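Start from the sequences and build out the full structure, keeping to the hints where you can.
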Amino acid sequence: MTIAKQIMESLPDAIVQYILSYMNNARDVALCNCVSKRWKDSIPYIRSLFFPRNSFDNLTGSDTPDDIVLKMISLIERLENLVVYSPFSGAGLASWLTLIGPSLRYLELRMDNLAEQEVCNERPSKLDCLTAAKSLESLKLWGVLMTRSPKWDVFQKLKNLEIVGARLEDPALSTVLQACPNLTKLLLLGCEGVVAVSIELPHLEQCKLDFYGLGNCSFSMNCPKIEVLEVQGCSWIRVQKTKHLRNLSIANNAGRVYMVDFEKLVALESLSIRGVQWCWGAISSMLQWASEVKHLYMKVEFTGDFETLQPFPEVDFVDFFNNHPKLQNFDIHGAMFAALCQKNSLKNVDSGFLIPCLESVVITVRSPLNAEQKMSTLESLLKYGKNLKSMVIKVLQMKSNHSSADDFFDEICRFTCMNRKIVRIE
Amino acid sequence: MKKISVRTSDGQEFELEENLAMESATIKTSLDAFSRDDIILLPNVNSWEMVKIIEFFTKVQELETKFGVKFMEKKEGRFLEAFQAEFDKDLSDDNLYCLLWTVDYLGIEVLLENLCHLMAERTKNKTVESCRNLFGVQHDYTPEEEAEIREDYSWAFEGPEIEE
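So the sequence lines, in the order shown, correspond to chains A and B. For what it's worth, the numbering used here labels the leading residue of the first sequence as 1, then goes sequentially. For what it's worth, the numbering used here labels the leading residue of the second sequence as 427, then goes sequentially.
I should point out that these hints are in silico values taken from the structure, not numbers from a laboratory. Predicted model, so just to flag it, every value in this text is computed and none were measured.
In silico DSS-like pairs for lysine-lysine, Cα to Cα no more than 30 Å straight-line:
#1 A:K264 x A:K299
#2 A:K225 x B:K492
#3 B:K492 x A:K185
#4 B:K550 x A:K37
#5 B:K492 x A:K243
#6 A:K140 x B:K552
#7 A:K294 x B:K492
#8 B:K429 x B:K485
#9 B:K492 x A:K159
#10 A:K383 x A:K421
#11 A:K71 x B:K550
#12 B:K552 x A:K71
#13 A:K37 x B:K552
#14 B:K552 x A:K40
#15 A:K140 x B:K550
#16 A:K159 x A:K140
#17 A:K241 x A:K225
#18 B:K454 x B:K429
#19 A:K151 x A:K185
#20 A:K225 x A:K299
#21 A:K241 x A:K299
#22 A:K185 x A:K294
#23 A:K294 x A:K421
#24 A:K208 x B:K492
#25 A:K40 x B:K550
#26 B:K492 x A:K326
#27 B:K428 x B:K492
#28 A:K294 x A:K394
#29 B:K492 x A:K389
Stretch by stretch, here's where chain B covers chain A in the computed footprint (C-beta under 8 Å, at least three residues):
#30 20-26
#31 30-36
#32 58-68
Just so you know, even glycine gets a beta-carbon here, dropped at the ideal spot from N, CA and C.
Laid out in structure tokens, this is it:
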């Protein structure tokens, strides 16, 4: 044995335990039992266990996966984190939580119920079992069928809740939120079945919601500490107490956004609005409330208050930039860019007009209509944006077969060449 | 900021800022016993190890300034993965053992946590035999005992052969 290895063997038990406490893959931990007696004795000090998806793909022994997880868990004195991606049953989960419920702080499970068409008949249901983990600070669930309200007591310590890939019903979601009054972070991604959701969590700071379906969910929020909010899939949105809201993103891939109600967004630094169709009232309200914004991303294809898709009305260039004086980064797509390029957009320019803070602009152009106005707008951005460092022009597939598309593209190229330091095409 | 001088086993001298030197419980004890002007002798510490320790402190201070988090005060041993990867890159297994032992001797909690984590990373996905090699562990089970354990945890020994 080399000197170095003699050193390793002479390390105090505490250090060996310290090292092994960082192991978390269940298979590695199981092997530790076999390495030596000292290692076996160090296993109780491990803090986390992780079972990858394929942990039990090649089982030959008589133990079931539930038994094996239970056996591993029982080796450990005070398990804090458990992640199980391999399949398990409700009874198994119940048995594990009886053992580690009191100490467990972080739990992540692949529930894997979405394929089941019928409402869970399993007794006990996996969701119901979770209530035994009373000290949880963070819970993450993948693939959850939550059509029935889970029988949960309050999770007093739960700060972080993430549900990814779920089929929900409104009452069930409501029960879940009521059981987690102290959340600071909430993520609901890839969730189907929500019609209306109301979130009133006094400590919530970050919230990200992504609802599948027709894009017509109603969403209301009253969370005085909210700082970051992302919502996808809602058509009616009301958010009160926005004093601390810094980052806001509203998107709707499937439906029409027709009502938004925020108070004045005094702290908003970053705003992103995206979707196929937004009512004009909603867009102009958002832009009005977000007057302090530094980063603005706009990609809405159409407007219109009803089913019919309408193009955007004129937006006055000067008014727009005067109303958003702190704008540093501006990313604008096709139809909305066209709105800034209407005939009269630049008629209010006076000598004192400036776009002082603008540093970067990304413009996506799709149609050669109004080419002259568009070029003029591009030139104005350069002219009045004294601090502009970068302008990126993305030219997507032009929606016209006329030579006007080619002409327009040539114009853009010429413009780019003349301003090579700042402008580039992608 | 007062500087503390230390001398390693091979006669090289290093200067550490006082607050960093105090991160070592061993050095701190020496300082309490003797005057700060004396050179502290560290016969159990090699100069290359000292260099590595100073590198660590320097990097932590950079990160503290960049992110405004007092890692050392908060005893946050687990820093950004990129930093860990860089620190790990040049350390051979043998070097890691020596450094681990030295840092334990010096009682630098924050660095110890990092090194233990690095060591644990190197233990992942290994067979029992390669773990024994890696750690220089004496095989102290009888064949019967070992067979019993392998039976108990048969699920972990099944599946594709994991790499050395």
